[in-house]
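Asker: The primary structure of each chain is shown beneath.
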Amino acid sequence: MRVAENLNAALHGLLNDDHTAYVLGEDILDPYGGAFKITKGLSTRFPERVIGTPISEGALTGVAAGLALAGNTAVAEIMFGDFVALAFDQLCNFAGKSVSMYGRRLPLRMVVRCPTGGGRGYGPTHSQSLQKHFVGMPGLSLYEMSPFHDNRAVFAAMLERGEPCVFFEDKVLYTRQMERVDPLFLMRRDGDLAVVDIRDAGHRPDCVVIAPGGMVHRVLGAMRSLMMEEEISARLLVPSRLYPLDVDTLLPHLGDVVLVAEESTAGGTWGSEVAHLLHARLWDRLRGPVRLVHSRDSVIPTAAHLENEVLAGESTIHHAVREALRG
Amino acid sequence: MRVAENLNAALHGLLNDDHTAYVLGEDILDPYGGAFKITKGLSTRFPERVIGTPISEGALTGVAAGLALAGNTAVAEIMFGDFVALAFDQLCNFAGKSVSMYGRRLPLRMVVRCPTGGGRGYGPTHSQSLQKHFVGMPGLSLYEMSPFHDNRAVFAAMLERGEPCVFFEDKVLYTRQMERVDPLFLMRRDGDLAVVDIRDAGHRPDCVVIAPGGMVHRVLGAMRSLMMEEEISARLLVPSRLYPLDVDTLLPHLGDVVLVAEESTAGGTWGSEVAHLLHARLWDRLRGPVRLVHSRDSVIPTAAHLENEVLAGESTIHHAVREALRG
Amino acid sequence: MTEILDGLRLSRLADDDLELLLLVRHFELKLLELYGRGDLNGTTHTCLGQEYVPVALRSLLGPADHVFSNHRGHGHYLSRFRDPHGLLAEIMGREGAVCGGVGGSQHIHRDRYMSTGVQGESMPVAAGVALHLKRSEPGTLACVHIGDGTWGEGAVYEALNLAALWRLPLLVVVENNGIAQSTPTASQMAGTVAGRAAAFGIAHRLVVSTDVNEIRLSLEREIARVREGQPLVVEFVTHRLGPHSKGDDIRPADVVQAARENDWYARYAHDHPEHFHRLDGVVKAEVEAVADEVAARPLSRWEGSCV
Amino acid sequence: MTEILDGLRLSRLADDDLELLLLVRHFELKLLELYGRGDLNGTTHTCLGQEYVPVALRSLLGPADHVFSNHRGHGHYLSRFRDPHGLLAEIMGREGAVCGGVGGSQHIHRDRYMSTGVQGESMPVAAGVALHLKRSEPGTLACVHIGDGTWGEGAVYEALNLAALWRLPLLVVVENNGIAQSTPTASQMAGTVAGRAAAFGIAHRLVVSTDVNEIRLSLEREIARVREGQPLVVEFVTHRLGPHSKGDDIRPADVVQAARENDWYARYAHDHPEHFHRLDGVVKAEVEAVADEVAARPLSRWEGSCV
Ligand SMILES: Cc1ncc(C[n+]2csc(CCOP(=O)(O)OP(=O)(O)O)c2C)c(N)n1
Ligand SMILES: Cc1ncc(C[n+]2csc(CCOP(=O)(O)OP(=O)(O)O)c2C)c(N)n1
Ligand SMILES: [Mg+2]
Ligand SMILES: [Mg+2]
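Chains as they are written, first to last, in numbering that gives the first Met the number 0: chain R, 0 to 326; chain X, 0 to 326; chain E, 0 to 306; chain H, 0 to 306.
Isolated chain R (complex conformation):
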């Protein structure tokens, strides 16, 4: 099953099981079904609770918060995650704050979906990975879509938290298959964490790469080439919740060489937060600092040949791992 279908099914399931659930966003109604077709069929089945909005990212996020405030479950789609910038105040200063600012915990069941990332030639304002800019907001949790995490379960987990969540969906995943990894790899789940190893590699992996869902196929590609070309065995760890990160679940799977791979451009990345948490726990066990793999410090160009130079890809990860191990 494709990731997009799994996500669409998750929204169908949510609207079906939770009669207080609303889905809102721009151009999400049938027959169009959303810019990326993730909301296909929803408005036909649940016309009352699937709401197409004007082009008002700030307001539609505020409306979602209002629905949540009144006890509903609200899922808002931002057509391109880049435009969540227009909802920054609603998320930071209203939705996130309201959970605790009034002295008592005020649970809000609310998810803002952000189709994220580049690789499709959409250009600088339609290709960003803005996760890092939302890290560390009290009352706001960050999740990322992954082919190893069933979206229905992820939505349940987000809503369980009772605080606003931003859900980042790397667009390149939509057309990929859920779960499936090729026979070279073995994927298992340890709670929230997806752990992928080289099948019967025998010994402990030479290094561990922590990455959000959107990077999975690029990391797997690098793991393959590292194994084939360099006989380096790497392990991939994919958490569903990026922030706050449950570092304890990571520890048992880590060795003395750790990298974090993400698509964000350089500077203040999610990885630097992960590295900080790990250094505090693993300092003596690590051979060197946690290495951060990310895109260049640059806008994301439109032309494919330029975009490729900027975005972190398979080879970026391959080289980073080799450098981490062989210097």
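Just so you know, not all the hints are guaranteed correct.
[Claimed, not checked] Some chain E residues near chain H, calculated using beta-carbon distances under 7 Å:
# : residue
1 : G153
2 : A154
3 : E157
4 : A193
5 : A198
6 : F199
7 : A202
8 : L216
The hints are simulated quantities; they were obtained by calculation from the structure and are not laboratory data.
C-beta: ideal position from N, C-alpha, C; glycine also.
Use these hints to put chains X, E and H with the ligands onto chain R, whose structure you have.
Answerer: Below, chains X, E and H with the ligands alone, put in the same frame as chain R:
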């Protein structure tokens, strides 16, 4: 001279020396002169180029970008830095991007001033330190006001960069004096960096604390108590530009124990970016990971006794240093 | 659909309305006194001169209606809950504070009442609540208080557009006191509030009266329509008697004078001396007592704080 | 101040105007063809059916005027620079690209022309530029193209307020094609564009004609007033002939049919067959040649890239 006066003088000087310079913001006109009186006298002297705006943070930031685009120098005041959340799109998706998104470098002389931080009982939506959320935006530089950095020079440096800058001004500094440190300390400048040591401490300091301008007095207070009560000597390093950080200027002043202190609440802090840069350069020289001192993972409460529990202060720093050295 | 009301002589108020008006007045005066004495930290925005707005609306709103207040919200809160202890405790950070002292003057939440300190932010949120009410609790509404200056924020227009498109039970109460902090309305608002409402096909009602009874009569029908899904903007032409927050009043003398002349307090005292004097002292004393009692309380504790 | 224009028979165009119209038309058709063939990546938004808007405005704007375009900007760019090579190279990421292939279809900057892909964002920026022009280059203006759907964004209103308050030489050109991506205007806009302009006391002009000469005549005087600091909203009632971007057109047949019937291209061919046929083939061939030539170029290089 008070920091507020020095900043006010810097703006007077800028408007006087640069005839393309504009200052705009809410309630900045005389006789009111701004919520924190930083713009006092400007509109009387330069009525044509000092512009009071409606309550429109997004638009006034866009107007500043437009003025810069047309070749002017634009300084925008956000009354409380918390409201820069409403200008997040203009800064991230327009001003920052425009510098490079069009294939050629497009210089923009533009500064967005953000009175920042807590400690005054203004409450959760008027007390935040949002620096961390702007770290890592291509084309956007971050600076912070400091009692050791003349604001006229800092403005010159920001405008020199030819890219949009956000200038964070910790409100508690406004009423403090420029430059002045008590006789226990010795302050010297090494380029952009202010270096403060215990006067004739003789030996190398036991540890180094890197902090933005707003934390200066809290760090100095901790340095004093650490010296008096624990005979621990600490050095303070205060950069004016927070991002991109010039890590090379820091290196010569660092030892084997380093901390970063800031007021931001926990998670994805500026310090985690600093730590990442330092670990990559100093790994073998460090006794342990760079320690991050910051406020709690919480909204900033209004009541003084609650606010004090949340915000990073003198004692937070004192304890962090002692723990770093004595475990 | 704009009609101008006028009241030369204020009509006689019911005791509880006058008591409430006086409670808000003396509460706010007490706050300024406490700040002046340095007994309070942080900041506050008093509604001196505008007390009659929430008092008049009180009987037109029910407990199932949501109220979104703003930075100038003490009158809104007291009109809904008549709880000076909880509010003052919140502002002073004492035990019994409505929000444990976390929110303070500008950030208060209780039942279906919520205020926050970022201008315009609550308009879309209120639209969301109104959407819920329309679907799940027909007949109820969401009321948002904003000032004239808040019309500078784009969020206001995004929300008005939704309210009109979706026929939401949204009541926008504009307290147009002619100024935003230090900025006169004319320097920050082009056109009129009426025009802004009309732009979205939203009904607008102008209220110049300060007569609580008169105001209620004049709004009854329109507010009933809001409950049927016809959003409404009610604009009160009112006056800010005090400073924006504390001691930051730089308005020319004649403007302040005009505010004084329009003050319901002096006018009611003149029009109904006996009624006024029978209650004024009593309420003032009540507020004194509240202040002394609350000031003597221990500091508030933050339950469920993450710190 | 709203007047309705109408043109039953299109007036005869000057050669260069017709050539430009045809250039934009064939350029856009070529793009869809290239996308269809998979020769382009990313996305694009063609202005098929709306070409006459920038062509009509061309003679009313000077090189000192700033133009802010949006996602649907190919016609705006070509009308200003008549540079199909540079634009196609930008879209294809080839040598000679206006912006090195970094910006692509939606992000173009050249001299005083700029487009960006975030709806509404350029309105405040244009207001800032207009503020500069008013002070430093009186007589010039800033022109912003937005669509009907973009009125959902609060930034539009914040900017209109400033334009009116500060009497800025700001010309807002609204290309109201009745739809935003997949959303009909009626489902996303309450009230009218005229009403939104009136709310800020900003003049509004409605243009229903697709006749370039007629449009120019009808706007001359108002646009002259913009240069004196009277902001103006010109609303073109127009039709989107093609899909929103590529192949995502889900409009009912009758809507598409209406768009076809209003298409200036077919109408001009019918009204002026000889003139039309003399130029149409020539321009089509020119575009073919441009496409072949640009496609054969090496990939663009990003000067001064930080990568
Ligand atoms: C987004 C935002 N910008 C600025 C402020 C600072 N501020 C608080 S009240 C105020 C004036 C509001 O004026 P108005 O809406 O007329 O309400 P009034 O104070 O007159 O009751 C301002 C600028 C704020 N709270 N929020
Ligand atoms: C802030 C923002 N939200 C959403 C989008 C995605 N988007 C691109 S064009 C478009 C429709 C715009 O409609 P309209 O303004 O009527 O212009 P038209 O496409 O009809 O020319 C949308 C929703 C965007 N580019 N920017
Ligand atoms: Mg006001
Ligand atoms: Mg449209």
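Asker: Each hint: holds or not?
Answerer: Each hint tested on the structure:
A cut of 7 Å between beta carbons decides the hint on G153 (chain E): the least distance to chain H is about 2 Å, and the hint holds. A least Cβ separation of about 5 Å between A154 (chain E) and chain H falls short of the 7 Å threshold, and the interface hint therefore holds. With a cut of 7 Å, the hint placing E157 (chain E) at the interface with chain H holds, because the nearest CB-to-CB distance is about 5 Å. Hint on A193 (chain E) is violated. Least Cβ distance to chain H is approximately 9 Å, over the 7 Å limit.
For A198 (chain E), the interface hint holds, the least distance from its beta-carbon to any beta-carbon of chain H being 4 Å, beneath 7 Å. Taken as an interface hint, F199 (chain E) checks out: its beta carbon lies about 5 Å from the nearest beta carbon of chain H, inside 7 Å. This hint is violated: A202 (chain E) has a C-beta 12 Å from the nearest C-beta of chain H, more than the 7 Å allowed. This hint is violated: L216 (chain E) has a C-beta 29 Å from the nearest C-beta of chain H, more than the 7 Å allowed.
In summary, the structure is inconsistent with hints 4, 7, 8 from the numbered list given earlier, while agreeing with the others.
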